[in-house]
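Asker: Listed here are the chains, written in short residue letters.
Protein chains: 2
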Amino acid sequence: MDFLDIIKNAKKASLKLANLSSETKNLALEAVADSIEKNRQKIMEANAQDLVNGQKLVDTGELSQAVFNRLKLDENKMNAMIAGVKDLIKLDDPINKCLLARQLDKGMNLYKMSCPIGVLGIIFEARPDVITQVSALAIKSSNAVILKGGKEAINTNRVIFETIEEALNNLNEYPKYSINQVFSHEDVAKMLDMSDYIDLIIPRGGNSLVKFIKENTKIPVLGHADGICHIFIDETANLKMATEIVIDSKTQYPSACNAVETLLIHKNFKYSNELIESLKNAGIKMIDAPESWAFEYSDKILAYKSVENLDEAIEHINKYGSGHTDAIISSDIENAGEFLDNVDSAGVYHNVSTRFSDGYRYGFGAEVGISTNKTHARGPVGLDGLTIYKYKLYGRGQIVKDYADGKKHFTHKEL
Amino acid sequence: MDFLDIIKNAKKASLKLANLSSETKNLALEAVADSIEKNRQKIMEANAQDLVNGQKLVDTGELSQAVFNRLKLDENKMNAMIAGVKDLIKLDDPINKCLLARQLDKGMNLYKMSCPIGVLGIIFEARPDVITQVSALAIKSSNAVILKGGKEAINTNRVIFETIEEALNNLNEYPKYSINQVFSHEDVAKMLDMSDYIDLIIPRGGNSLVKFIKENTKIPVLGHADGICHIFIDETANLKMATEIVIDSKTQYPSACNAVETLLIHKNFKYSNELIESLKNAGIKMIDAPESWAFEYSDKILAYKSVENLDEAIEHINKYGSGHTDAIISSDIENAGEFLDNVDSAGVYHNVSTRFSDGYRYGFGAEVGISTNKTHARGPVGLDGLTIYKYKLYGRGQIVKDYADGKKHFTHKEL
Numbered sequence: 000m001d002f003l004d005i006i007k008n009a010k011k012a013s014l015k016l017a018n019l020s021s022e023t024k025n026l027a028l029e030a031v032a033d034s035i036e037k038n039r040q041k042i043m044e045a046n047a048q049d050l051v052n053g054q055k056l057v058d059t060g061e062l063s064q065a066v067f068n069r070l071k072l073d074e075n076k077m078n079a080m081i082a083g084v085k086d087l088i089k090l091d092d093p094i095n096k097c098l099l100a101r102q103l104d105k106g107m108n109l110y111k112m113s114c115p116i117g118v119l120g121i122i123f124e125a126r127p128d129v130i131t132q133v134s135a136l137a138i139k140s141s142n143a144v145i146l147k148g149g150k151e152a153i154n155t156n157r158v159i160f161e162t163i164e165e166a167l168n169n170l171n172e173y174p175k176y177s178i179n180q181v182f183s184h185e186d187v188a189k190m191l192d193m194s195d196y197i198d199l200i201i202p203r204g205g206n207s208l209v210k211f212i213k214e215n216t217k218i219p220v221l222g223h224a225d226g227i228c229h230i231f232i233d234e235t236a237n238l239k240m241a242t243e244i245v246i247d248s249k250t251q252y253p254s255a256c257n258a259v260e261t262l263l264i265h266k267n268f269k270y271s272n273e274l275i276e277s278l279k280n281a282g283i284k285m286i287d288a289p290e291s292w293a294f295e296y297s298d299k300i301l302a303y304k305s306v307e308n309l310d311e312a313i314e315h316i317n318k319y320g321s322g323h324t325d326a327i328i329s330s331d332i333e334n335a336g337e338f339l340d341n342v343d344s345a346g347v348y349h350n351v352s353t354r355f356s357d358g359y360r361y362g363f364g365a366e367v368g369i370s371t372n373k374t375h376a377r378g379p380v381g382l383d384g385l386t387i388y389k390y391k392l393y394g395r396g397q398i399v400k401d402y403a404d405g406k407k408h409f410t411h412k413e414l
Numbered sequence: 000m001d002f003l004d005i006i007k008n009a010k011k012a013s014l015k016l017a018n019l020s021s022e023t024k025n026l027a028l029e030a031v032a033d034s035i036e037k038n039r040q041k042i043m044e045a046n047a048q049d050l051v052n053g054q055k056l057v058d059t060g061e062l063s064q065a066v067f068n069r070l071k072l073d074e075n076k077m078n079a080m081i082a083g084v085k086d087l088i089k090l091d092d093p094i095n096k097c098l099l100a101r102q103l104d105k106g107m108n109l110y111k112m113s114c115p116i117g118v119l120g121i122i123f124e125a126r127p128d129v130i131t132q133v134s135a136l137a138i139k140s141s142n143a144v145i146l147k148g149g150k151e152a153i154n155t156n157r158v159i160f161e162t163i164e165e166a167l168n169n170l171n172e173y174p175k176y177s178i179n180q181v182f183s184h185e186d187v188a189k190m191l192d193m194s195d196y197i198d199l200i201i202p203r204g205g206n207s208l209v210k211f212i213k214e215n216t217k218i219p220v221l222g223h224a225d226g227i228c229h230i231f232i233d234e235t236a237n238l239k240m241a242t243e244i245v246i247d248s249k250t251q252y253p254s255a256c257n258a259v260e261t262l263l264i265h266k267n268f269k270y271s272n273e274l275i276e277s278l279k280n281a282g283i284k285m286i287d288a289p290e291s292w293a294f295e296y297s298d299k300i301l302a303y304k305s306v307e308n309l310d311e312a313i314e315h316i317n318k319y320g321s322g323h324t325d326a327i328i329s330s331d332i333e334n335a336g337e338f339l340d341n342v343d344s345a346g347v348y349h350n351v352s353t354r355f356s357d358g359y360r361y362g363f364g365a366e367v368g369i370s371t372n373k374t375h376a377r378g379p380v381g382l383d384g385l386t387i388y389k390y391k392l393y394g395r396g397q398i399v400k401d402y403a404d405g406k407k408h409f410t411h412k413e414l
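Line by line, the protein sequences are chains W and A.
Taking numbering that gives the first Met the number 0, the leading residue of the first sequence gets 0, the next gets one more, and so forth.
Taking numbering that gives the first Met the number 0, the leading residue of the second sequence gets 0, the next gets one more, and so forth.
So that you can see chain W by itself, here it is in the shape it has in the complex (with noise of 0.2 Å):
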């Protein structure tokens, strides 16, 4: 099928899904949850040819060892991808939720709908298992999806695919052309320029991948391009939280997103040279006047720099920062309140680590990815984020006319 049939079909498909009972939704998970077991040998199998591939592409440079990395399956691995298909079942359906029901006047009522957004274009790198994840969180919402995975994963990707497409073929209930996967390079650029069969973009992979998309498409994309988080410590903080908040958000995950950048710390902070050196010992790399303050290391490298006030804190983190996550650390309850206020980011964090910027955390069940946007969805995005509304309208012929002409008044009610 040429690209254009695919696409056409999936928006057509994105037209039946919307009215989907949640069982039918509820089935379909758990077909492909037992089809992917059932299927096991065959996806590891895949994975250990895309393994093999891959490997001579890292002796020759081509790729890089840490996408090498993600590329791999293991049996951990297979399980929480089942794991988090089966979770999604247990998860209330976020579509046809009624989130507004105004009486307009007698006899005219008005209901703001939750339905789902429509076609999904997933570009990701490596991780396999995204399509396993993607391809249910779409279904839990109703959105059709159209899939590009890396080459890298290119046999994984494929058998994962088939698998989770026998499932929903074997449902008669379920759309035809729901789920989608494209493979050439060229269809990338196609999909960034189909905005009007495609209604939103969520890139999975690294910096540039994200940073690539955001600028070579009108269709809104849903993610984030860099995760620089900074944690503040203020004249008030205390070393030892201090010091076991900031060592859990460089070294727990060094290259999640949400793992701190830089520090910044009060000049007043009695215990600088302590902290620092906790830190050192805890194989962190302190990098004293970096080349560039907004840069994400995604490694054991943490920039730090001593600040005048808060002001200046929060005027750096507004600066150089991404709109991610960033926390302070104080006793002072005024200065927390200031910082969480004044800094401009989708988290804002007052004695935590920046760690717990994640869907799951903030017990939202599944999560999409993590949005440093300002409009539609931000921060962590659960399964909302992939749902807009329609505004019902049912009446008994009702015209404008007569509460133009002040002959009936609207009486705006909530029901």
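One should not assume that every hint holds.
Pairs of lysine-lysine, DSS-like flavour, derived with a Cα cap of 30 Å [unchecked claim]:
#1 K213/A x K217/W
#2 K85/W x K85/A
#3 K147/A x K210/W
#4 K213/A x K111/W
#5 K304/A x K266/A
#6 K76/W x K400/A
Hints listed in this document are in silico derivations from the structure and should not be mistaken for laboratory results.
Given the coordinates of chain W, assemble chain A onto it according to the supplied hints.
Answerer: Same frame as chain W, now just chain A:
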């Protein structure tokens, strides 16, 4: 001041605006309303000058009569402008509302708080009252704005802007450079390119302006290019109701975006001839088989077509419509439900005029515009559409490692 300074100042102001009290914002609105009242004469004089210049352009064909008509301010429009600002004072503050409060664990609470988007770019044509309306909405929602009006209203725009600026400058608590105006045509291109500084573009004007903007920026655009609304007359429609609703939807304000453009009539509807006769008698030009089904007449012209059944009607609307507002006239509840569920538009109506699609009529108090987007805000957009949210997390030294190691467990209790 040059463009980059203006935009940088606006960004700085936006950070301060985020934390203004509701009282200060309402004082600002009152000051703006008073200042416009005081400068009524001066504004009308500037408008008279634009009208003289505009008339010349109409005579030479450089300005359309439609745009010229929207240019004119009269006492009624001035009153409405002032009343519109005062109305906002009574509305709830959309900022700093708690949208979710959740205990993640003992001593660690998460709050999702509404906050302003940041800097809004407003690009508008003709109607100088847009400045007042948008500035007032920005004040209430704590956003900074960059305004760019059409050159046909340059004198009126300048005087209204100075009136607002003066009122705000007299209020010490109100951040300077919150409301900004730019004038040159090149500034539009610059605005559309400033995705680092401008968070949302709101165009107010004709289709071609909106289309141009959507095609030339990566900043999210809130609005709609086309308003191609449909009414489907089902087999069981009541003739009188159908006639009244179609006349209202087409003639009450033919150039409105929520006016109907296409009438689809079920082939078994018995009173098709009577209906069309009545519409013609109401001064509507009926067009059978138009050149395009995706055309917005903005006039007393209505395309129409006989359809086989409900499914064909739904398919036609999803294919040719603009996702704005579409209605079914039917006595069959099942068919109405089917239509409302399957038409993918911001507003889906049963037995009411499409003209109800409007923020005031929905009871939103103020309207930013009507959006056909599938993300952020859809349909008539109130003050909420100018907000986003941030997550505030308060803890006592919690680190992620303890939860990853299973030493601690999330409680995820709603507060």
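Asker: Now tell me if each hint is right for this structure.
Answerer: Status of the hints after comparison with the structure:
| no. | hint | verdict |
| --- | --- | --- |
| 1 | K213/A x K217/W | holds (8 Å) |
| 2 | K85/W x K85/A | violated (52 Å) |
| 3 | K147/A x K210/W | holds (29 Å) |
| 4 | K213/A x K111/W | holds (26 Å) |
| 5 | K304/A x K266/A | holds (9 Å) |
| 6 | K76/W x K400/A | holds (20 Å) |
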